[in-house]
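Since the structure of chain Z is already known, use the hints to place chain V with the ligand on it.
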Amino acid sequence: MLSEAKGRQPDAAHGRTVPFDAAGESAVLAVFPHPDDESFAAGGTLALCNEAGVRTVYLCGTYGDMGRRMGRPAFTNREALRDVRTVELSSACAVLGCELGFMGLRDKCIEFEDPADVAAQVRRVIDEMRPSTVITYYPGHGVHSDHDALGHATVLAVRALPAGLRPRILAVAVGDPNVLREELGEPHVRADIRGVKDRKLDALRAHRSQTESMFAHMNEDAREDGQTSNFSERLTVREEFYVLDADAPTLVERARG
Amino acid sequence: MRPIDRDSIQAELDDRLGQELYLHLETTTGSYTKLGPEKKNPVIAFVRNARISYARGTVTGTGPYRVGLKLGEGWVYADGLTDYEVNERGELLLAGLDCEGQLTMALQLSQTPFREGQTDVE
Ligand SMILES: [Zn+2]
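First to last, the protein sequences are chains Z and V. The working numbering applies: residue -12 is where the first sequence begins, and numbers increase by one. The working numbering applies: residue 26 is where the second sequence begins, and numbers increase by one.
Hints are supplied without guarantee of correctness; some may be wrong.
Here are the simulated EDC-like cross-link-like pairs (lysine to aspartate or glutamate), alpha carbons at most 20 Å apart as the crow flies [stated by the list, open to error]: (1) V:Lys95 with V:Asp39; (2) Z:Lys184 with Z:Asp8; (3) V:Lys64 with Z:Glu211; (4) Z:Lys184 with Z:Glu199; (5) V:Lys59 with V:Asp123; (6) V:Lys64 with Z:Glu169; (7) V:Lys65 with V:Glu141; (8) V:Lys59 with V:Glu125; (9) Z:Lys184 with Z:Glu38; (10) V:Lys95 with V:Asp40; (11) Z:Lys184 with Z:Glu227; (12) V:Lys59 with Z:Glu170; (13) V:Lys65 with Z:Asp163; (14) V:Lys95 with V:Glu37; (15) V:Lys59 with Z:Asp163; (16) V:Lys59 with Z:Glu98; (17) Z:Lys184 with Z:Glu240; (18) V:Lys59 with Z:Asp8; (19) V:Lys95 with V:Glu141; (20) V:Lys64 with Z:Glu170.
Hints listed in this document are in silico derivations from the structure and should not be mistaken for laboratory results.
Next up, chain Z with everything else stripped away, as it sits in the complex (with noise of 0.2 Å):
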């Protein structure tokens, strides 16, 4: 039934990537562990849900106390960086129409927690809003620890949910599209943002300390180019998500045997 070599949702394993309709949602929630996530993985998947009047909450992991980010040039220090992100957060989430709520962990160490207290987090605010999809980072797909780590979790705190109650997971895969798609086959679910584009934009202006260094080379290559890098095309036209079985065993479990 399930395939089980990617965990992937049996009707999505046909290869047809599927719009993402926002009209169709009730709730959305979006479980990610730094300040900005949410802005770069989903935040045109956010905006479209907040024009079509779907409530969405940010349930972000830590602080981003540990980025390595400062601005450019750096205006902040190691110590007053998760106040800075905090506060940027809160304007990105108000730029995209989003709720906010923190888990409080240490950035880099979520992996390192008991992933069934993590998932427990989760689960509390699945159960205060229910969603009809939670987006999280595909586990062993985030590049990130921390993204592995609480897009695991998240998968847990669904899996723990009886099955009529269970939102559906929408899973970003961090990467080259292109490697990406050769890996887990072609997203399942496709947003079409670009008529959020500058939602998504100012979301990202807003997590000053971290995108300032971002957006002067994008205007840099723009300048070189006389037209936009692929990279601000990838950001701005569409966001694609796996669709991921709770009951599968997720690649974080895989790979620990």
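What follows is chain V with the ligand alone, placed relative to chain Z:
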């Protein structure tokens, strides 16, 4: 943060001689090096709120700078330090920042534990 001047840092280190201190020591390449053109492995380490006391503390170099703290039974060493700040809590924050303003190294000393745990958000 502002660029390190050795005399100020030496004075800050001397002020803290023999005190019971909390240490934050960190070096980081960032977690996304695998996505770079050279697909390098990330190299990251930090120690937060270790207790130390040093009998000799010295800043050397012409920039970036090195700091060595001689402990009762060991050493604390950091190279690549460029910028510093003494914050409102009296914590000495030394950092290595690259040309993009990204932190590559941190050596910090505080009389009270560096902040941990949750922030109350309304
Ligand atoms: Zn992240």
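Consistency of the hints with the structure:
Restraint check for lysine 95 (chain V) and aspartate 39 (chain V): the C-alpha separation of about 12 Å stays at or below 20 Å, so the hint holds. The suggested pairing of lysine 184 (chain Z) with aspartate 8 (chain Z) holds, with an alpha-carbon distance near 17 Å, which does not exceed 20 Å. Distance check on the hinted pair: lysine 64 (chain V) and glutamate 211 (chain Z) sit about 25 Å apart at the alpha-carbon level, beyond 20 Å; violated. Only pairs whose Cα atoms come within 20 Å are accepted, and lysine 184 (chain Z) paired with glutamate 199 (chain Z) is accepted, the gap being roughly 18 Å.
Of the pairs offered as hints, the one joining lysine 59 (chain V) and aspartate 123 (chain V) holds, with about 19 Å between alpha carbons and a cut-off of 20 Å not exceeded. Between lysine 64 (chain V) and glutamate 169 (chain Z) the alpha-carbon distance is near 18 Å, which keeps this suggested pair within the 20 Å criterion. Pair hint lysine 65 (chain V) plus glutamate 141 (chain V) does not hold up; C-alpha atoms about 30 Å apart against a cutoff of 20 Å. A threshold of 20 Å between alpha carbons decides the hint, and for lysine 59 (chain V) with glutamate 125 (chain V) the separation of about 19 Å falls inside it, so the pair holds.
Between the alpha carbons of lysine 184 (chain Z) and glutamate 38 (chain Z) the distance comes to roughly 13 Å, so the proposed pair stays at or under 20 Å and holds. Distance restraint check for lysine 95 (chain V) and aspartate 40 (chain V): the Cα-Cα separation of roughly 15 Å lies within the 20 Å cut-off, and the hinted pair is therefore satisfied. The hinted pair formed by lysine 184 (chain Z) and glutamate 227 (chain Z) meets the criterion: a straight-line CA distance of about 15 Å does not exceed 20 Å. Taking the CA atoms of lysine 59 (chain V) and glutamate 170 (chain Z), the gap is about 16 Å. The hint holds against a cut of 20 Å.
About 15 Å separates the Cα atoms of lysine 65 (chain V) and aspartate 163 (chain Z), which keeps this hinted pair within 20 Å; it holds. Our distance criterion of 20 Å between C-alpha atoms is met by lysine 95 (chain V) and glutamate 37 (chain V), whose separation comes to about 15 Å. Restraint check for lysine 59 (chain V) and aspartate 163 (chain Z): the C-alpha separation of about 11 Å stays at or below 20 Å, so the hint holds. The suggested pairing of lysine 59 (chain V) with glutamate 98 (chain Z) holds, with an alpha-carbon distance near 19 Å, which does not exceed 20 Å.
Taking the CA atoms of lysine 184 (chain Z) and glutamate 240 (chain Z), the gap is near 36 Å; set against the 20 Å cutoff, the hint is violated. With a C-alpha separation of about 33 Å, the suggested pair lysine 59 (chain V) and aspartate 8 (chain Z) falls outside the 20 Å cut-off, and the hint is violated. For the suggested pair lysine 95 (chain V) and glutamate 141 (chain V), the alpha carbons sit about 27 Å apart, so the restraint of at most 20 Å is broken. For the suggested pair lysine 64 (chain V) and glutamate 170 (chain Z), the alpha carbons sit about 18 Å apart, so the restraint of at most 20 Å is met.
Hint violations for this structure: numbers 3, 7, 17, 18, 19, all remaining hints satisfied.
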